[in-house]
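Q: Chains F and A, in that order, are what the protein sequence lines are. According to our numbering, the first sequence holds residues 1 to 315 in order. According to our numbering, the second sequence holds residues 1 to 301 in order.
Hints in this document: simulated from the structure, not taken from any laboratory. Treat the hints with caution; some may be incorrect.
To be verified - Facing chain F, a subset of chain A residues (Cβ under 10 Å, in silico): (1) Leu33; (2) Gly111; (3) Val165; (4) Asn182; (5) Ser214.
Here the structure is a predicted model, which is why all the values come from computation and not from measurement. In this text, a Cβ means the ideal position worked out from N, Cα and C, and glycines have one as well.
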Amino acid sequence: MTSTDLPVRSAPSPAPHVPGSVRALADRRRAPRPRAHLTLGDGRTARVLALAALAVMALVWLLPMAWALLTAFKSEQDASDPVHWFLPSHGFTLRGFSSVWERGDLPLWMLNSFLISAAVTVITVLVSAMAGYAFSRTLFAGRRWLFALTVAAVLVPPQILIVPWFQQMLSLGLLDTYAAVILPQTVAPVMVFILKKHFDSLPHELEEAARIDGAGHWRIFWSVLLPLSRPMLAAVSIFVFIGAWNNFLWPFISTSDPALMTLPVGITSVKDAYGIQYAQSMASAVLAALPLVVVFMFFQRHIVKSVSTTGLGGQ
Amino acid sequence: MSSPHAAPRPGALSARRLLSPGLLFALPFLVLLAVFMLWPLGQGLWMSLTDTSLSAHAPSFIGLDNFTEALGDAEMWRALGHTVWFTALSTVPLVAVALGMALLVHTGLPGQWVWRLAFFAPYLLPVGVVSLLWIWLYQPDLGLYNNLLDAVGLGQVAWLSDESVAMSAIALTTLWWTVGFNFLLYLAALQSIPDHLYEAAAIDGAGAWRRLWSITLPQLSRITVVITVLQILASLKVFDQVYLITKGGPNNSTRPVVEYVYDVGFTGYRLGYASAISYIFFALVILASAAQYAALRRREK
C-alpha cells in the first residue's frame, strides 16, 4: 500500500488540533524521530526507569502467551503435574499439536472463519463505501433524514438483536448456513459514517475533471474516489475483518453444525470435549491464535493505523 | 422525460428523481439496514409483547406482562447489576493502564516494535482462545498465577470459584485482552502532539515531569473522554468472555444481562421474555449514551 504518491492524506487524525496533526503527519513521513529528549529530558535515570517499567509491563503482558506455549509443548501427564508445574519432567513433545491437528476440525474452523470474515469484510466495505459516497456526494430525496437514521443506528447494540435475528433466520430456514452468519454482520452504520466523513474530506477537483470527461457516478466512485481512498479502505477493511474474525455471540447462536462453526465458536467446543487435557487445549489455542498474530507481525504498521483511524468510530 | 438540459419544473417529481443515482448508491446499505436492523428491532419489540417461545405453540399477545414480570424479576436486576459492576470495574483500568503504556512507549525508547506487539497482540486473539488460556492460568494447583502466588508465599486464590473474586478475575482477563486497543488510540493521539510545544517547554527549563503534567496530559484530555465513553459502551455489552470462562457462575455471581437474555431465550425457550429484557438493556445503553452526550456537551461549553 503506497500512500505517499497520493495528493491527499486521507486518514483523519484523531488529533485534537488540526495544525498539530498536520505537523505530526509531516513528521511521520520523515524518519521516525527519537522523542526521548523531548519527553524524558536528557537525564539518564529517567530513561533507565522508563525502560525498566516498560520491560516489566511487557513481560507481564507476554507471560500468559508464553505460559500457553510452554504448556502446549508438554505431555498431558506433565501439564497436570502440580509438583513440576513449570518445566516438564519428561521433556517437550509435539503430541498436543499432532492430536489437535488429527482431529481435523481446527483447520476447518479456520477456513470457515476466513471465508466468513472475508465475505463480511467485502460486503460491508463495498456497501458502506457506496452509502458513504451517496451521503457525501449526491443529492436525493430523504438524504438528510436517512443519514440521521444511520447515525442513530450506530447506537443499537447487536446484542439486543440476537433474539429477532434468530427468529428471522429460523423462519427463512437459514439457520446453520453461511448466509445466516454473514448477513447480519454486514450492517455497519458506523462504517458508513466514517467513510462519509472521509469522502467529505476529499477535494472535488478531480471528480469535476472526470465529470467534464463524461464520467457518471459509478465511474467517479469506482475509478476516482476509491483509488484515492486506498489507505482509508485498507484501514476500514482490517478493522472489519478483525471484528468478524473474533466475533462470537452471533456465530455461536446461528450455528450448531460443527462443520459450519467459526474458530472462536468451535474452539470452545474443544474445551468441553477435552475436559482436563490442558496440553491439547493450549496447543489448539496456540494454533488458533497463530493466523492473526503472524499477520500482525507482517502488517503491524497498517493494523496500528487501522485501529487508530477507525477505532474512534469517527468521533 | 425531457432532455437533460431542461430546467426541472417544480412539482415534476418523477421516477427519475425518486431513483436518483444517490439513492441507488445508498440502496444496498439501506436494504441491509432495514432487513437486519430496523425490522429485527420492530420484531423484537413485538415479540416482547407476546409469549413467543422456541417450543411450538402460536404466540399470543400479552401486552406489557413481560415487562412487568422483568421489573419484578430479582435475577434480571442482579444480572443488570453485574453488567454495571463489570463496567465500573473494567473501565478505569482499561483507560488508565492504556494511558500508562502509551506514555511509556511514546517516550521513544528503543524496542517500539516489541512493546506494540506485547501490548496489542492479545487483542487479536479470538475470545475462545482468550478464555481457554485464562481458565488454564487461573487453575488451582496447576495454573501459573496460583503457582506464582505460592512461590512468593501469598497463598492461592480461588479465582473462578470464589464469588467475591470471580468478577475481578474476569475484569483482569478483559484488561489483558483488550487494553491494547485503547493503547493504540492513545499512542496515535500522543504522536500528534506537536514537537514545538515540548521544545518551547524545554527552552523554558521545564523538567520531564513538568512537561508531562503541563503539555502531554492536557493535550490528551479530549481523547481520554472519547476513549472512556467508548470503553463504557463496550463494557456494558459484556458477554463472550464471561460466558466462556465462568458460564456466569459461580452461583450466577458473574452473569451479565446479555447472558441472562441468552439463558432465558435460548436455554429457557422464552423468546418473548428475552426480547423484553433485551429492550430493558437497550434502554440502559441509550441512557448511558445520553448521559455521556450531555456530559460532553457541558464540558465543551
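Q: Hint compliance check: list the failing hint numbers for this structure, sorted ascending.
A: 3 and 5
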